[in-house]
Amino acid sequence: KAGVTQTPRYLIKTRGQQVTLSCSPISGHRSVSWYQQTPGQGLQFLFEYFSETQRNKGNFPGRFSGRQFSNSRSEMNVSTLELGDSALYLCASSLEYQGRNEQFFGPGTRLTVL
Amino acid sequence: AQKITQTQPGMFVQEKEAVTLDCTYDTSDQSYGLFWYKQPSSGEMIFLIYQGSYDEQNATEGRYSLNFQKARKSANLVISASQLGDSAMYFCAMRERGWRSGGSNYKLTFGKGTLLTVNP
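Listed in order, the protein sequences are those of chains A and B.
Heads up: the first sequence begins at 1449 in the working numbering, then just goes up one per residue.
Heads up: the second sequence begins at -15 in the working numbering, then just goes up one per residue.
Just so you know, these hints were derived from the structure itself, not from any lab.
All values reported here derive from a predicted model rather than from experimental measurement.
Note that beta-carbon positions come from the ideal geometry of N, C-alpha and C, so glycine has one too.
Hints may contain errors.
As the list claims (entries may be wrong) - Over 12 Å on every C-beta distance to chain A, these chain B residues come out as not near it, computed from the model:
(1) Gln(-8)
(2) Gln23
(3) Ala55
(4) Leu68
(5) Asp70
(6) Glu80
Said to hold, decoys possible - Where chain A lies over chain B, by a calculated footprint (3+ residues, C-beta under 8 Å):
(7) 24 to 35
(8) 92 to 98
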């Protein structure tokens, strides 16, 4: 079974631009979560989608948004990029079964904002 | 206040020895889950082990075991017979309820991590 895939793997943008990151979950997984990882703040939860609905969101500004499609694939968008948005963005999918809900992560997209 | 505390920024262990990575957590929920993930230098997060708050026995997965002490709110990871490939960042995480009431919605809160180095 294929794992979680994220595209692109690396991205360089300049301040003020916007970016869209893509995540394809493991087949059969309907929950997709997004995290931002930086050296200073560590791993921070962005949002979670389940069956095309945002179920949870973290404490990030409105510039960060996402969506999920009917095939469970998810996209994350960051508008008006700032230098501080440089980070590793990780996507995770989970199969909600008997309360375990372990999340399986993709390889991440490393975003650099210049 | 931090919900997940990993007090060891870095740990060193000799190959083939056992090592314990500490994790304490804070929650008022009765039902929660604790996870450990490994992150090699490549960046991918690898799921290692899970412990549910109602699980009576400590979780084990191959060379990984979780020393769960509920009253102390600790969930330490024990790696037996360390291998060079175990060198990585290790994160403890807790599943907690999301902002919507009801239903099985949740998010993972991660600790700051422990960098484990296995020496030959």
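Structure-based check of all given hints:
Non-interface status of Gln(-8)(B) relative to chain A is upheld: no Cβ of that chain comes within 12 Å, the nearest being about 15 Å off. Listed as outside the interface, Gln23(B) is inconsistent with that label: its C-beta sits roughly 9 Å from the nearest C-beta of chain A, within the 12 Å cut-off. Interface exclusion of Ala55(B) from chain A stands, the closest Cβ pair being 22 Å apart, more than 12 Å. No beta-carbon of chain A is positioned within 12 Å of the beta-carbon of Leu68(B); the least distance is around 22 Å.
No Cβ of chain A approaches the Cβ of Asp70(B) within 12 Å, the least distance being about 18 Å, so the stated non-interface status holds. Separation of Glu80(B) from chain A is inadequate, the least Cβ-Cβ distance of about 10 Å not exceeding the 12 Å criterion. With a threshold of 8 Å between beta carbons, the proposed coverage of the stretch 24 to 35 of chain B by chain A holds, since 7 of its residues qualify and at least three are required. Counting residues of the stretch 92 to 98 of chain B whose C-beta lies closer than 8 Å to any C-beta of chain A gives 6; at least three are required, and the coverage claim holds.
Hint violations for this structure: numbers 2, 6, all remaining hints satisfied.
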